[in-house]
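Novice: As a plain string of letters, each chain reads:
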Amino acid sequence: MTSMEPERRCKTSQPPVEVEGKHPWLGFVACAGLTVAMGATAVGFIAAQPIVAVGLGLGAAGASALTLMLARSARQWEPAEVEVSATTVELGEVISGTYVRRTKPGHSGDGELKGRLLFKALYKDDDDWRGGGGRVEFTPVRQPDDQAVKFRFEVAVPVAEGAPSFILDQHKVEWDLHLWFATDGPDDVHFIPITVLPIVHHTLLQ
Amino acid sequence: MTTEPTLSIVIDVREVELDETVTGTVRWANLPTRALQIVVLLGLQVSGAGSRHAESLASVAFRPAATGEEQFSLVAPLTSPPTFHGDKFAVEWLVRARIETRWAIDVKAETAVTVLPVGMRMFQARRSREIEFPRIIPDRPDPGHR
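Those sequence lines, one after another, are chains A and B.
For the first sequence, my numbering gives the first residue as 1, with consecutive numbering after it.
For the second sequence, my numbering gives the first residue as 1, with consecutive numbering after it.
Same shape as in the complex, but just chain A:
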């Protein structure tokens, strides 16, 4: 059977799909590196090879310091706050929203936000959804804010080229709002499902 969500638009705050912390093992690597450094130094002195001991110790300590720096940058951000004007829209309607991200106390950071509205026409094949579609790319605009990195974005759903959301047996059309915040640390990626109704937005008809 066909189905489309009947509910209308509502303001929503999306829980982030966090990729922050995708390197939690960096802290363990750093600790292990420091242990190796101390061990190598001790073994070198016991074996009366101070030059080897110092070389090994410095090398391991350097690697540990680098790892710790990476781990620190991976944990410097608070989870992002993403808000969109609506997750159920009509053809031609504009989806707007904000993306706000703060650093943790004592940290600083910056990044760039990219956005795409993804159109996917999919069919089921061996229990996998396959297929493709296209995308509408948009550039979020940075907003002045002393306390956070803040962007505002808006994108219109194409009227003629796309299709509204539907699922029909083994075939479906889906739309997703894709936000991608790239930093010097791990990227923060959000996929927000959008339901597009088969109605041309009323303001376009006035």
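Everything hinted at is true.
Partial chain B-side listing against chain A, Cβ under 10 Å, derived: (1) Ala49; (2) Ser80; (3) Gly86; (4) Lys88; (5) Val118; (6) Gly119; (7) Met120; (8) Met122; (9) Phe123; (10) Gln124; (11) Arg126; (12) Phe133; (13) Ile137; (14) Pro138.
Below are the DSSO-like pairs computed for lysine-lysine, each with C-alpha atoms no more than 27 Å apart in a straight line: (15) A/Lys172 / B/Lys88; (16) A/Lys172 / A/Lys124; (17) B/Lys88 / A/Lys124; (18) B/Lys88 / A/Lys120.
Hints were generated in silico from the structure; no laboratory data involved.
We put the beta carbon where it would ideally sit given N, CA and C, even for glycine.
Given chain A, work out where chain B should sit, using these hints.
Specialist: Chain B only, in chain A's frame:
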């Protein structure tokens, strides 16, 4: 010698919007006496990649005479997808008619209609305002597509 039965569909307007009515006339002739009924259906079918799928969304049945015609009106439900021609698959709307006959293969006829999203005709008519909409950039071909 018996004459083969004939069946045809004439659609009044080939382009409607969801929640509107598809109207037309079904005509038949030379029906055998064992004909049970004439059924007219509005439905959609998906063709292209993936399994083929068809479903009926509205129907009407007529008692047959040997020769005759009947007008029909069938509503395209708002909860259904409109006509869609995508890269991977297409959704087509069809009006189908068949003469259900006892102990014989049904005689069938079908014709396509275009079903648009609600408000699309008015939007196209007013498009002279040159509203700028973003273009969808197509994905690269799916290498796994068979």
